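Chemist: Protein sequence lines correspond, in order, to chains A and B.
Residue numbers for the first sequence follow the working numbering, beginning at 10 and rising by one.
Residue numbers for the second sequence follow the working numbering, beginning at 10 and rising by one.
These are calculated hints, taken from the structure and not from any lab test.
Computed from a prediction, not measured in an experiment: that's the story for all the values here.
The beta-carbon is built from N, C-alpha and C at its ideal position, and this holds for glycine as well.
Among the hints, a few may not be true.
[Unchecked claim] Below are the DSSO-like pairs computed for lysine-lysine, each with C-alpha atoms no more than 30 Å apart in a straight line: (1) B:K335 <-> A:K174; (2) A:K174 <-> B:K346; (3) B:K373 <-> B:K346; (4) A:K335 <-> B:K174; (5) A:K119 <-> B:K119; (6) A:K174 <-> B:K174; (7) B:K174 <-> A:K346.
[To be verified] DEER-style ranges, computed between Cβ atoms: (8) A:E50 <-> B:G209: 37 to 43 Å; (9) B:L230 <-> A:E337: 57 to 63 Å; (10) B:V81 <-> A:Q64: 26 to 32 Å; (11) B:E170 <-> A:E288: 38 to 44 Å.
[As the list claims (entries may be wrong)] Which chain B residues face chain A? A few, computed with CB under 10 Å, are given here: (12) V122; (13) P181; (14) N200; (15) M202; (16) A367; (17) T390.
Single-letter residue listing:
Number of protein chains: 2
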Amino acid sequence: MNILVLGGDGYLGWPTALYLSRRGHRVGVVDNFARRGYDLEMGVDSLVPIVGLQQRVRRWQEISGLTIEVFVGDLTDDSFVTETLATFEPEAVVHFAEQRSAPYSMIDRKHAVYTQVNNVAGTLNLLYAIAEQDRDIHLVKLGTMGEYGTPNIDIEEGFIEITHKGRTDVMPYPKQPGSFYHLSKVHDSANIMFACRIWGIRATDLNQGIVYGQETEETVLHPDLATRFDYDGVFGTVLNRFCVQAVTGHPLTVYGTGGQTRGMLNILDTLACVELALENPADRGEFRVFNQFTESFTVEDMAEMVKAEFSGDATIVHTADPRVEKEEHYYRAAHTKLLDLGLVPNLLTPSVIQSILAVCDRYKANADVAAIRPTVDWRKTASNLVTAGTPTGESVRTSADEASSEVSSDR
Amino acid sequence: MNILVLGGDGYLGWPTALYLSRRGHRVGVVDNFARRGYDLEMGVDSLVPIVGLQQRVRRWQEISGLTIEVFVGDLTDDSFVTETLATFEPEAVVHFAEQRSAPYSMIDRKHAVYTQVNNVAGTLNLLYAIAEQDRDIHLVKLGTMGEYGTPNIDIEEGFIEITHKGRTDVMPYPKQPGSFYHLSKVHDSANIMFACRIWGIRATDLNQGIVYGQETEETVLHPDLATRFDYDGVFGTVLNRFCVQAVTGHPLTVYGTGGQTRGMLNILDTLACVELALENPADRGEFRVFNQFTESFTVEDMAEMVKAEFSGDATIVHTADPRVEKEEHYYRAAHTKLLDLGLVPNLLTPSVIQSILAVCDRYKANADVAAIRPTVDWRKTASNLVTAGTPTGESVRTSADEASSEVSSDR
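The following block holds chain A by itself, in its conformation from the complex (with noise of 0.2 Å):
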């Protein structure tokens, strides 16, 4: 199949593109570096090393013999995203290219529009470029589980079956996202929908929890072909950054109670659901949606999981949330149609958590831990980041600054 992989040289987009490039699939990459941006932006970097797209792809054709097709260039440039597609003729197009920091969307107004727009205005360019070129490219975007909020009822798949004042009918799921990150992708999903009806386009919107883990069956053959590894406070995922409080010696930090409850999976399971998402295309003017997660933990729950597999001592603290969201609910989400056509999750075992220690125990070397601080107030319009290389002025010293973030980015 030929698959365009969007975001490609991000923290799951490339493995996504090694994994599917190894299956037999011919493969290309869509990127514009705008993640290795906002590391420049923020003065940090993935704890793992990475090297730059276009040796990790000589890197990749050198190991398995396989080619992958490099097009540089942003979704926001409508006729890059026409030319691309023309060009390359992908049935699928996998999209990961969105800003995807929750913290990120929150800095301040310009962040904010910044993310809305750059991840709806690109979405909106891939439709209608599908459109135009071919109704049958089957579109596998990434949306996100923090779409849903956490209502007091189970979430579905995307829709639930109303019955109101003695009429039923099946409706777009109610949705209740937690920052304007979240909001972007909410836009997203309505407007593919659409797309999709009026369209007849092919789309499977994978709402997808907390991505956890670093190395896959293809990464780890060779340290070119590494992916990227978020701990700081803005873009690493919760476990991810416990795992890297744990191994430099520093608390793990809990907001408030830690009773927060969110979906979670392993990388490894990213990769199978993309995969099982391409194998079965959704029907023409198919708006599908899948919950892409395996197992739901609360934020305490995975404090005291790495504290138990960490050799050393470690210690968990509670401290202020800087979000607004609810830190005890109900949570109980339905995911079964990933696993219907034949996800076996990779659990989060011991075993995977002792893997992740060991990555960051690797490369503890590269952490700057005062960039896990959380510096964005859901409260304020605007706040200062202290990140390495930043003065920091007392202005900016709160009692969150003690500790890190819980669930800083949404992957």
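Once you have looked at the hints, place chain B on chain A.
Modeler: What follows is chain B alone, placed relative to chain A:
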């Protein structure tokens, strides 16, 4: 009260500004003249001549002795938004300042992206400016009944209680909008609801039906105070447009069966509803939704009513529907909250239709009947606009060219 009317040079913004000014409020008007720019782009003009904003304001001062302050600028320019709020110090902001035509948003990719970026980014800038300056400022935002689409259950006002698998929650009402424009309003609503939650802002989302009428108590005081009246295929609203077709001796064109049902309201009730919302502000942190319409009609009903009231002969023709929408559907939408606040509707009586016909007859020499034809096809990704002065090729002469669009714009 200090009230800033955003989009105060437009069809509804201008009469709203006059109405509030006459009732003793201090009124400021913000506009970037985008609406007049669309006229230039389309090669059409308001049926009723309108003068420039500054001249309108001068005339109003002369007639009423009341001053309306003018701020010329764009909501996507964040420093303009911040400075305007700082200068005027509003207690309430009435926000009409969005691209508001469904067909305009569906012309092609560029117009879709423009509509969403313009509307969403402008509203985000406004939310930030309010949160930064004064979180007590009451935002009265114009949404649309088109956010809901046409579900097979009753439409409620913004929220719905859902019982699912033995649990119950009050959730945002699921949205199924029918154009990239309507989607932009859905995106706005979600962003505003979130801003209320995290920042404690007060907001009222007025999900307005389709407005008819052109005269208000204030606009009739002098020709220079008139508001615009759109009848073209892109910006004209259905009832206004049927009236222009009648007085110019053209058939009233109904798409498909004409069973599409829509909530409607008189322009006088737009003013009354905005005033009621202002007088009864949302609580701090409250995101409140009012469904702002007074009666529901099918498109066929409206055509029949115009035909019945027109003094001459009017015929009704049915043509293929260029929109993707249900032509026959269940439609029952709650609209009690504004009635509970005291709204006394101006219903669509024969004399109201006659008064709109009289306006159309007075200015019928200005009508460019060719501009009524529907040129935007929802199923295509790019439509050639056939407007006055545009050379039209054979390629755009479809069967739909014989007829005009029935609900060509949202309001």
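Chemist: None of the hints should be skipped; say for each whether it holds.
Modeler: Results of checking the hints against the structure:
1. B:K335 <-> A:K174: holds, 22 Å
2. A:K174 <-> B:K346: Judged against 30 Å, a Cα distance of about 19 Å means the pair holds.
3. B:K373 <-> B:K346: violated, 38 Å
4. A:K335 <-> B:K174: Distance ~22 Å between K335 (chain A) and K174 (chain B) Cα, so the pair holds.
5. A:K119 <-> B:K119: Distance ~23 Å between K119 (chain A) and K119 (chain B) Cα, so the pair holds.
6. A:K174 <-> B:K174: Measuring from Cα to Cα gives roughly 17 Å; hence the hint holds.
7. B:K174 <-> A:K346: holds, 18 Å
8. A:E50 <-> B:G209: 37 to 43 Å: violated, 29 Å
9. B:L230 <-> A:E337: 57 to 63 Å: With Cβ atoms ~59 Å apart, the hint holds.
10. B:V81 <-> A:Q64: 26 to 32 Å: violated, 51 Å
11. B:E170 <-> A:E288: 38 to 44 Å: Holds - the Cβ-Cβ distance for E170 (chain B) and E288 (chain A), about 40 Å, lies within 38 to 44 Å.
12. V122: With a closest approach of 5 Å, the V122 (chain B) hint holds.
13. P181: Since the shortest Cβ distance to chain A is 5 Å, the answer is holds.
14. N200: Hint on N200 (chain B): holds, closest Cβ of chain A at ~6 Å, below 10 Å.
15. M202: holds, 8 Å
16. A367: violated, 38 Å
17. T390: holds, 5 Å
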